[in-house]
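Number of protein chains: 2
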Amino acid sequence: MLHVEHFLKDGERLDDLHRNGYKIIQDPKKFCFGMDAALLSGFAKVHKGQRHLDLCSGNGVIPILLSAKSKGDSFAGLEIQEEMVDMARRSIAFNELCGRVEMFHGDVKQAPFSPAKFDVITANPPYVAVGHGAKSPATAKAIARHEILCTLEDVIAAASRLLVSNGSFYMVHRPSRLPEIFVLFEKYKLAAKILRLVQAKTSTAPNMLLVAATKSGGAHLKTQPNLIIYEENGKYTKEVREIYYE
Amino acid sequence: MLHVEHFLKDGERLDDLHRNGYKIIQDPKKFCFGMDAALLSGFAKVHKGQRHLDLCSGNGVIPILLSAKSKGDSFAGLEIQEEMVDMARRSIAFNELCGRVEMFHGDVKQAPFSPAKFDVITANPPYVAVGHGAKSPATAKAIARHEILCTLEDVIAAASRLLVSNGSFYMVHRPSRLPEIFVLFEKYKLAAKILRLVQAKTSTAPNMLLVAATKSGGAHLKTQPNLIIYEENGKYTKEVREIYYE
Numbered sequence: 079m080l081h082v083e084h085f086l087k088d089g090e091r092l093d094d095l096h097r098n099g100y101k102i103i104q105d106p107k108k109f110c111f112g113m114d115a116a117l118l119s120g121f122a123k124v125h126k127g128q129r130h131l132d133l134c135s136g137n138g139v140i141p142i143l144l145s146a147k148s149k150g151d152s153f154a155g156l157e158i159q160e161e162m163v164d165m166a167r168r169s170i171a172f173n174e175l176c177g178r179v180e181m182f183h184g185d186v187k188q189a190p191f192s193p194a195k196f197d198v199i200t201a202n203p204p205y206v207a208v209g210h211g212a213k214s215p216a217t218a219k220a221i222a223r224h225e226i227l228c229t230l231e232d233v234i235a236a237a238s239r240l241l242v243s244n245g246s247f248y249m250v251h252r253p254s255r256l257p258e259i260f261v262l263f264e265k266y267k268l269a270a271k272i273l274r275l276v277q278a279k280t281s282t283a284p285n286m287l288l289v290a291a292t293k294s295g296g297a298h299l300k301t302q303p304n305l306i307i308y309e310e311n312g313k314y315t316k317e318v319r320e321i322y323y324e
Numbered sequence: 079m080l081h082v083e084h085f086l087k088d089g090e091r092l093d094d095l096h097r098n099g100y101k102i103i104q105d106p107k108k109f110c111f112g113m114d115a116a117l118l119s120g121f122a123k124v125h126k127g128q129r130h131l132d133l134c135s136g137n138g139v140i141p142i143l144l145s146a147k148s149k150g151d152s153f154a155g156l157e158i159q160e161e162m163v164d165m166a167r168r169s170i171a172f173n174e175l176c177g178r179v180e181m182f183h184g185d186v187k188q189a190p191f192s193p194a195k196f197d198v199i200t201a202n203p204p205y206v207a208v209g210h211g212a213k214s215p216a217t218a219k220a221i222a223r224h225e226i227l228c229t230l231e232d233v234i235a236a237a238s239r240l241l242v243s244n245g246s247f248y249m250v251h252r253p254s255r256l257p258e259i260f261v262l263f264e265k266y267k268l269a270a271k272i273l274r275l276v277q278a279k280t281s282t283a284p285n286m287l288l289v290a291a292t293k294s295g296g297a298h299l300k301t302q303p304n305l306i307i308y309e310e311n312g313k314y315t316k317e318v319r320e321i322y323y324e
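Chain order of the listed sequences is A and B. Note that the working numbering has the first sequence beginning at 79, numbered continuously upward. Note that the working numbering has the second sequence beginning at 79, numbered continuously upward.
Don't take each hint at face value.
A pair counts as met if it fits within one copy or between any two copies, since identical chains are not told apart.
Stated by the list, open to error - Restricting the straight-line Cα-Cα distance to at most 27 Å, the calculated cross-link-like pairs of lysine-lysine (BS3-like) are: (1) K123 / K187; (2) K300 / K265; (3) K300 / K267; (4) K149 / K101; (5) K300 / K219; (6) K195 / K107; (7) K147 / K108; (8) K313 / K279; (9) K271 / K123; (10) K271 / K147; (11) K316 / K279; (12) K265 / K123; (13) K147 / K126; (14) K316 / K149; (15) K219 / K149; (16) K219 / K107; (17) K271 / K187; (18) K300 / K187.
In short, the hints are calculated from the structure, not lab data. Computed from a predicted model, the values in this text were never measured in an experiment.
Bound conformation, chain A alone (with noise of 0.2 Å):
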């Protein structure tokens, strides 16, 4: 039987991630994983047997929720900050997914893997840009939010080095970024195929995006309608509730 003291550190907390009872180790004052990772982990697919790996992954939530989610062959997550990698180690050590999840320190300028090798890429960047914001002092939360140790360019630079052709890459961002990430995936060979912008609510501006690319590929994007979080009464929509709890 697992013990929970064995896996949780000083000032970390488990959280349930309502999927095959997995649980997810999270730290408010390190990182907690937030909306914008859960709707993610809704909008990629991973396919039977598909080998899939996120990028800038955190505490791992999204390839931990993929995992449940999906019947792909395998996933790994790639996180340069070395305390967030331990906690990730652990909620996969103790939803007992060592062999199917991985999470490999590292950064994605000089990610440790060789190209071509996944068929499935996820990415929940920082969103600010260098130099836009209020940026904190480089903190386990303004690495997560700022890009302080990669960009935007490198996230999407190493995407499309490390997908397989006609691979899927499948990003969370915001939309006063959209510009710049089609320039990029133009760039990088990365063809923009679905986009989904996510209010709030339905009378409120577009604050989040949802996108997914393939590597070449023809560009013909499809935009879905927009995914709206709460009802007018403050409850999630229907939607948000089957990818949280369903």
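Fit chain B to the supplied structure of chain A, relying on the hints for placement.
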């Protein structure tokens, strides 16, 4: 007093623009303006004293509508098809707008204007890329819909050349072309500022987009709430009624 029969040719009709009593000459066999032109005229802003140009102007509906909706100094259209130019000029004369609205005959690739001549440029260009979709013979309708005589790149290049520094470009297009639009904006030094997706009903996927950019300037895209055309009962939404009738 104006006599309609002096202005109309065979097959043409005079439609109400619901603004200032203005009318527009249309020919269902050649060109009638659509929802896209109406939405673009509601999206584009021409401020007091500004000079406006509409590319791929067809029967001139956009400069005529903008002359009614805004306090701009002058409104112009550029159109390659001589019979459309003739139709637009007769609409301008019928509405007694000579001197305020002018229609030019010419090709966007060799637009007959000096660089940096306009403060605001609009475009409702042909949507369908060369080699895509069922191409009809080069009739007036086909030229308005397919990139037979000008491409998206021709339009964006012309807008960039003809805009003053910090001038504004407004375009309506299809969501499937969004990646290309942003790549071309980057190439021709236009900074995307506003994106608004348009969808028929709340439950349907977006099928049109409105995008605003400025010549030079920093890119920080704002995404507006999607514009919905129809209520569930099939009637126009309040916002669309205001664009059309108020």
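Hint by hint, here is what the structure shows:
1. K123 / K187: Cα proximity of K123 and K187: one copy only (25 Å, versus 43 Å across).
2. K300 / K265: both (20 Å within a copy, 23 Å between copies)
3. K300 / K267: both (18 Å within a copy, 26 Å between copies)
4. K149 / K101: The answer is within: 19 Å in one copy meets 27 Å, while 61 Å across copies does not.
5. K300 / K219: between (34 Å within a copy, 25 Å between copies)
6. K195 / K107: neither (34 Å within a copy, 55 Å between copies)
7. K147 / K108: Only inside one copy: K147 and K108 sit 26 Å apart there, 53 Å across copies, limit 27 Å.
8. K313 / K279: both (10 Å within a copy, 23 Å between copies)
9. K271 / K123: within (13 Å within a copy, 31 Å between copies)
10. K271 / K147: within (22 Å within a copy, 37 Å between copies)
11. K316 / K279: both (13 Å within a copy, 19 Å between copies)
12. K265 / K123: within (24 Å within a copy, 33 Å between copies)
13. K147 / K126: Answer is within: at 11 Å inside a copy they meet the 27 Å cutoff, but 56 Å across does not.
14. K316 / K149: Within one copy only: 24 Å inside a chain, 46 Å across chains, cut-off 27 Å.
15. K219 / K149: neither (32 Å within a copy, 49 Å between copies)
16. K219 / K107: within (8 Å within a copy, 61 Å between copies)
17. K271 / K187: Classified as within: same-chain Cα gap 25 Å, cross-chain 30 Å, threshold 27 Å.
18. K300 / K187: neither (30 Å within a copy, 29 Å between copies)
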